[in-house]
Amino acid sequence: MGGTWDTGDYTLNKFSSTTLKVMPLKGMNLEGDLYQRSDEVEAQINEAVKLDSAALVERAGVSDYKALGYLNEECIVCLIRAALNCNNKSLANCLFEILFKRCAGSIYKRLKINDCERRDDAYSEVVTKLIEDIIDLNSSKADFLQVRFWVVVQRLTINVFKKHQPRPLEKNEVVFDVEELEQPGHITGPFEELLMKETFAEAEKVLLGLSERHLDVFILRHKEGWPIESIDPAEITLSTHFRVTPRTIRNWLTEGMAALKKNIGGRGQ
Amino acid sequence: MIMAERKKSLEDVLNEYLATESEPSYEALERWAKRFPEYKDELSEFTVSWSKAENALEPNVADVVDEETLVLRAMSIVGDRLHALHPEKQESKADLANLMAEAKKNGLTIKELAKLSELSVPIVSKISRGFLDPLTVPKLVVERLAAALNRKAESVAFLMQYSSMSAEGVFFKSKEQPELPKNKENFFDAVRNDRELDEKQKKFWLELEHKHHK
Chain W
1 MGGTWDTGDY TLNKFSSTTL KVMPLKGMNL EGDLYQRSDE VEAQINEAVK LDSAALVERA
61 GVSDYKALGY LNEECIVCLI RAALNCNNKS LANCLFEILF KRCAGSIYKR LKINDCERRD
121 DAYSEVVTKL IEDIIDLNSS KADFLQVRFW VVVQRLTINV FKKHQPRPLE KNEVVFDVEE
181 LEQPGHITGP FEELLMKETF AEAEKVLLGL SERHLDVFIL RHKEGWPIES IDPAEITLST
241 HFRVTPRTIR NWLTEGMAAL KKNIGGRGQ
Chain V
270 MIMAERKKSL EDVLNEYLAT ESEPSYEALE RWAKRFPEYK DELSEFTVSW SKAENALEPN
330 VADVVDEETL VLRAMSIVGD RLHALHPEKQ ESKADLANLM AEAKKNGLTI KELAKLSELS
390 VPIVSKISRG FLDPLTVPKL VVERLAAALN RKAESVAFLM QYSSMSAEGV FFKSKEQPEL
450 PKNKENFFDA VRNDRELDEK QKKFWLELEH KHHK
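Protein chains in written order, with the working numbering: chain W, 1 to 269; chain V, 270 to 483.
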């Protein structure tokens, strides 16, 4: 112990310089042009790569999107890939943490699944897909994440959402009295209009008691305006989508409407 | 004029579908199904799912998962995936993910690592867990640890800076985040307060403080 020792620079910053290798985008849009990051994101990347790793992490950690120096999620995805491109896993790890601090809550919130376990599984599935696309340096799967990050998150959550919905109950065999409806499946009078105002909020609760298809068909018909059938065989219709006859679709709609009427009939009339 | 459509993946088409259309609608579906007839069924299915997702009620769940837990879960998956990435490459300074894991790889206990570095177990533990302010740690400490671990000093220095992001790096699975000290300790204060180092060792390290502040 004792004796001479190195009295050189004691700061650690000299060890932390990292030359990030930003990867160009290779994916193409519908017009056949290469995807392009926005000017704002490009400017952020150009500034970020000049920073040493400590400063970069600090900068990426700015969470207020209105603050000066804020780095968009698109930029952070690019920097994660750049870090992995020079095998800097530690920096990639830090940037991932920053990214998930921004998006984890939003992903979970979009997965409106009643069953806790299914919701957790769905969340893990979305997160896993996001991570795997970002770290796959050999493909261009992460390119659009650097163009429109939240669009990709939305796509992933939609795809996973349906997959993890609770299984629908078996179709109820009870046939509802539908004589009051002039045209099955169509909104006709003031009662039906009232029904519609309340319905989309109530539909899930009531119609899932019949089956998931009753709910799907109801919303697609009355909210999205899908046709039941068409003389054009190429046209997408409820009948072709669900692969049943138009009559079956009408029966589902009728049953759904009757169930809703029964549910809110006492309040609506 | 729309150029001839190149073969695009379903993911690409769905990305642009979502980016273009603000909400699910039959009219939008028709347009996109005509444009990409090879994906008509998939676009149809996706639109149904999108519509359902938009109209779904907020779940009635008793257990609300807090964001910290969600981030921890995500980072657990990140850790797994990054660990599996190019596992044979150990050269880069950035691959030194954890001081204690590296010591173990070298067949060292924390006690042995501390002895080789002429530090104490508590101080090595604090360095490993990111509890010390890395800017107060002398270069000599970095070099001694690096020598003991048979790694470059740059790798150890880099790790010390980023182990402060979370406890034990982020490679853990837990619903509750471990408690971290609010302020990082100055290395020299840690030496002063250490109960394992003898007076001679303390004097040795504390003399560097004088040079550090010059």
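Don't read these hints as lab results, they were simulated from the structure. Model, not experiment: these values are computed from the prediction. Any given hint could turn out to be false.
Every beta carbon over 12 angstroms from chain W, so not counted as near; a handful from chain V, in silico [what the hints assert, rightly or not]:
hint, residue
1, K277
2, L283
3, P293
4, S294
5, E323
6, N329
7, R342
8, L351
9, L377
10, K380
11, F400
12, N462
13, D463
14, R464
Pairs of lysine-lysine residues, derived as DSS-like cross-links and limited to a Cα-Cα distance of at most 25 angstroms, are as follows [claimed, not checked]:
hint, chain 1, residue 1, chain 2, residue 2
15, W, K162, V, K395
16, V, K395, V, K384
17, V, K421, W, K50
18, V, K277, W, K141
Beta carbons are placed, not taken as given, at the ideal position from N, Cα and C, and that holds for glycine.
Run the structure past the numbered hints and jot down the numbers of the failing ones, going up. Violated hints (numbers, rising): 1, 2, 3, 4, 5, 6, 7, 8, 15; every other hint is consistent with the structure.
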